[in-house]
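S.K.: Listed below, chain by chain, are the residues.
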Amino acid sequence: MRRMSYGIRQPGLAPLVSTGGVLLLLFLLLAIIGPLLAPHDPLLIQMGERLRPPSMDYPLGTDHLGRCILSRLLGGMPLTLGLAAAVIVIVVAIGIPIGLLAGYAGGRLDTVLMRLADGAGALPEFLIAVAVAGFLGPGLPNVLLAIACVKWIGYARLIRGVIQSEREKEYVLASIAAGSSGWTVIRRHLLRHAGAPLAIVAAGDMGRMILLISALSYLGLGAQPPAPEWGAMLNDGRAYFQSEPQMMLYPGMAILLVVLACNLLSDGLRDRLDVRSGSLQGNPRRSAEGRRASARTADSLSRLLSARSGRPRRELKAGQEASTLPLPPEQVHSGASGQAGAEPDSRETELLRVEGLCIETQNRSGIKVIIQYVSFSIRAGEMLALVGESGSGKSMTAAAIGGLLPGHMQCDGEICFDGQRLLELSSKERKQLRGSKIGWVFQDYQGSFTPYRKLGSQLREVAQIHLALTREEARQLVLQWLARVGLPPERVYSSYSFQLSGGQRQRVALAAALLPRPTLLIADEPTTALDVVTSEQMMDLISELQREVGCAVLFITHDLRQVWRRADRMAIMRGGTIVEMGNAETIRVRPEHPYTRELLAASPRLQRPESSSESSAASLLDEGETAQAKHDRQKRRAAGE
Amino acid sequence: MNECLRAEGLVKHYRRGGLQTAAVDGVSLVVGSGECVGIVGESGSGKSTLARLLLGLEQPDQGEVLLLGQSLTYAGKRELRRLRQHMQVVFQDPTASLNERLPIWRSVIEPLDNFKSVQPELWQGAVLPRRARAEKLLHMVGLDSSYMNRYPHELSGGQRQRVCIARAISLSPQLLVCDEPTSSLDAASQSQIMQLLSELQMRLGLSIVFISHDLAAVEQLCDRIMVMFEGKIVDEFARGELWGEKRHPYTRLLIAAAL
Chain A
1 MRRMSYGIRQ PGLAPLVSTG GVLLLLFLLL AIIGPLLAPH DPLLIQMGER
51 LRPPSMDYPL GTDHLGRCIL SRLLGGMPLT LGLAAAVIVI VVAIGIPIGL
101 LAGYAGGRLD TVLMRLADGA GALPEFLIAV AVAGFLGPGL PNVLLAIACV
151 KWIGYARLIR GVIQSEREKE YVLASIAAGS SGWTVIRRHL LRHAGAPLAI
201 VAAGDMGRMI LLISALSYLG LGAQPPAPEW GAMLNDGRAY FQSEPQMMLY
251 PGMAILLVVL ACNLLSDGLR DRLDVRSGSL QGNPRRSAEG RRASARTADS
301 LSRLLSARSG RPRRELKAGQ EASTLPLPPE QVHSGASGQA GAEPDSRETE
351 LLRVEGLCIE TQNRSGIKVI IQYVSFSIRA GEMLALVGES GSGKSMTAAA
401 IGGLLPGHMQ CDGEICFDGQ RLLELSSKER KQLRGSKIGW VFQDYQGSFT
451 PYRKLGSQLR EVAQIHLALT REEARQLVLQ WLARVGLPPE RVYSSYSFQL
501 SGGQRQRVAL AAALLPRPTL LIADEPTTAL DVVTSEQMMD LISELQREVG
551 CAVLFITHDL RQVWRRADRM AIMRGGTIVE MGNAETIRVR PEHPYTRELL
601 AASPRLQRPE SSSESSAASL LDEGETAQAK HDRQKRRAAG E
Chain B
1001 MNECLRAEGL VKHYRRGGLQ TAAVDGVSLV VGSGECVGIV GESGSGKSTL
1051 ARLLLGLEQP DQGEVLLLGQ SLTYAGKREL RRLRQHMQVV FQDPTASLNE
1101 RLPIWRSVIE PLDNFKSVQP ELWQGAVLPR RARAEKLLHM VGLDSSYMNR
1151 YPHELSGGQR QRVCIARAIS LSPQLLVCDE PTSSLDAASQ SQIMQLLSEL
1201 QMRLGLSIVF ISHDLAAVEQ LCDRIMVMFE GKIVDEFARG ELWGEKRHPY
1251 TRLLIAAAL
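Line order of the protein sequences matches chains A and B. Numbering of the first sequence is given in my numbering, commencing with residue 1 and proceeding in unit increments. Numbering of the second sequence is given in my numbering, commencing with residue 1001 and proceeding in unit increments.
Source of the hints: derived by calculation from the structure; they are not laboratory data. The structure presented is a predicted model; accordingly, all values stated were derived computationally and were not measured. You may find that some hints are simply not true.
Unchecked claim - Estimated spans, in silico, between C-beta atoms of each pair:
hint, chain 1, residue 1, chain 2, residue 2, range
1, B, Q1070, A, P141, 56 to 62 Å
2, A, L600, B, E1236, 41 to 47 Å
3, B, N1002, A, Y452, 38 to 44 Å
4, A, R588, B, V1011, 44 to 50 Å
5, B, Y1014, A, F135, 50 to 56 Å
6, A, E414, B, E1236, 39 to 45 Å
7, B, V1011, A, L600, 40 to 46 Å
8, B, G1069, A, S18, 29 to 35 Å
9, A, V112, B, N1002, 37 to 43 Å
10, A, H408, B, E1236, 51 to 57 Å
We put the beta carbon where it would ideally sit given N, CA and C, even for glycine.
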């Protein structure tokens, strides 16, 4: 419940930990020195001083036996807090080693532990406490021991869960491969991960224990009179509630405060111990350092850009994180025949036109600009490749076209699709458009389909919604499309998504996207998660169907190799702007922008030696060089030995 | 050329839905010292299983792995741990291969913490404190000292992979097994990592087993290339013979995909 309101982390959350921690520390300190501060003996009965109102002598008044309420509150502290802490310590001390063992070793011990945990999970601890008290007689130590006996299982399970989820990760394998023993892996890696959830749960449980102890004492099963336990004090006050409410008020408030402190601490820890939560980290120096570093790079980049564009950069609003700078559209390099899409006379054939698109996001540290003045257009039936490294804003651009931007992002500029201004449409109209006129294929084929329903019925639904077909017609169409993307139609129709390989799932996604016959297909890194052979087949399929259906394709990728033989035009994106745009072949032969050249040099390609004399000479040179280097290396090695 | 790693008739079965499938089916290979061998194949061809077998992270059902003439397969626990100092690994996903709760410098010197008595030739006899070692290693992979105290999530994918490489070379191992080290990176970082690997190989005289689905990447770095398909090595050739007449049809398919 709480978590949801944390959607965007506010700086104000950081004090949660400190508030909770300070309060709890204060209480623990009071528990130790409190009894010394008490003005009276908490057990001293003075019938002459019964039910006195607060005075200098008795700051909170006296109870029905003339005992000082303040002294009893202070005297009760070590009892309540001490017992709760003791239970937590016992429980953690038993739970950690057993959880570690079960999680790391697995096997029979693991099975037994899990069955025990299932059983214990079915029993409310309060019920157990009452039952034990009935069996062994009232008294806190017995009852708490009984609770500890059940509660450690939860902790063992927690530790086991953390370890099981972490132990298969590659960093653990890397650690084993680096020669760590099992114990070292646990100590160095796994316990580190268990620590955070453990602290969070323990802090929460501390509060729950205090409530439990008070409740038991209130029922007369816990601390026995005349012990100054808070729950017992509540019970004492019950009879006088009408006339002397302070007898219940003060112990009640004390319980409330302590439990609140524990819960605050637990909640705060949950936020704080998440390493990834940026500035909420433990070490402020480090994040400050990081911020400075990123500011430095942003600054040098901005200087570079403003120097090139020859005009002063737009002033950024205070607090704005200048990660990129506006690059006016006219600064975009365009290849020799690249103007085709931007020419006004070709506007009739334009299917999609994006002009001056800017996207900003608002987070803790202010407004961050993600996309700046991006302009491009796609003509009907053509393939435009949007190329750039991760974080360059390719996917954000696509998301803006589809109206799929997260809510905290602001979008500005103009997106014109088929004569409609998309940014002015209602979300319902855009949704309609998204399914039927604009098809999508995403990178993450795992997430494209729900694992709970058969693929066939999911695809059929798409067909029924967008094409207004009957159930049977839709089924036939889906089968047709599955065959078209090269899959065995009947089998895939009745399969679940997890029963297919990545390449197959991506084919199904393509079928789903093309089935309503869209005029634009947005393929957002459709092959990044696939291996080379499979992605090559996938790309062939996309171009083939593109010709068949006649739709335009916006193809987003970081792999230049896939662009050459298929895209008509391409746009290179970097840091939220398009740095070069034009005919794909022209860019391949004569890249204008230094970054494009860099990308070209970076993309690994096999080159047939005889394909051009220049490249074969280069590869020969390369070979000669490595042979020389190898020779040197062997010599060095021999000398070393 | 001295022999660094030898695998003989490796077989590894997996049970999948009641059916036994051989992920690795009779693979033998030899890696000479200072040699770089590439293993290419599509996903599901058993490359990663082979990597784990070569690293001794899993036991083969049949066959044996020998590192510098000593058996990993029949080594005792302690002996296996001792042998691991000569062989390190770089995995595909640099995010998963770093502990997100350890600062970068602690991750980098992890192997050195395990082998306190080992004095890698990297240091040329100098006895350095732990932090200084980490700093030096990070410099070797092109990261400056400001990264020391950062956490993995503050780095880009390429930078994280550099950290993994720094960790892998910290003990000056004889052999580096790279399991798709560039597959999860974008093109620019990919080529930087490839460059770094080939630089380090020359500088340190490393043997490398480089596993990838991308023939173009393998061809950049490796002297010898093996093609894996359904758990078997179907083709093996020196780099120069890539365009030769005798290539297996599957190799030709891979070549076509990487053109």
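S.K.: Are the hints correct? Go through all of them and say.
M.R.: Verification of the supplied hints:
Checking the proposed 56 to 62 Å range against Q1070/B and P141/A shows it holds: the Cβ atoms sit about 58 Å from each other. Checked against the given bound of 41 to 47 Å, the beta carbons of L600/A and E1236/B, roughly 31 Å apart, lie outside it. Checked against the hint of 38 to 44 Å, the C-beta distance between N1002/B and Y452/A comes to roughly 56 Å, which is inconsistent with it. A hinted range of 44 to 50 Å holds for the C-beta pair R588/A and V1011/B, which are about 45 Å apart.
Distance hint check for Y1014/B and F135/A: the Cβ-Cβ separation is about 52 Å, which falls inside the suggested range of 50 to 56 Å. With their beta carbons about 57 Å apart, E414/A and E1236/B fall outside the hinted range of 39 to 45 Å. With their beta carbons about 43 Å apart, V1011/B and L600/A fall inside the hinted range of 40 to 46 Å. Between G1069/B and S18/A the C-beta distance comes to about 59 Å, which lies outside the given range of 29 to 35 Å.
The beta-carbon spacing between V112/A and N1002/B, approximately 51 Å, falls outside the hinted interval of 37 to 43 Å. At about 54 Å, the beta-carbon gap between H408/A and E1236/B stays in the expected band of 51 to 57 Å.
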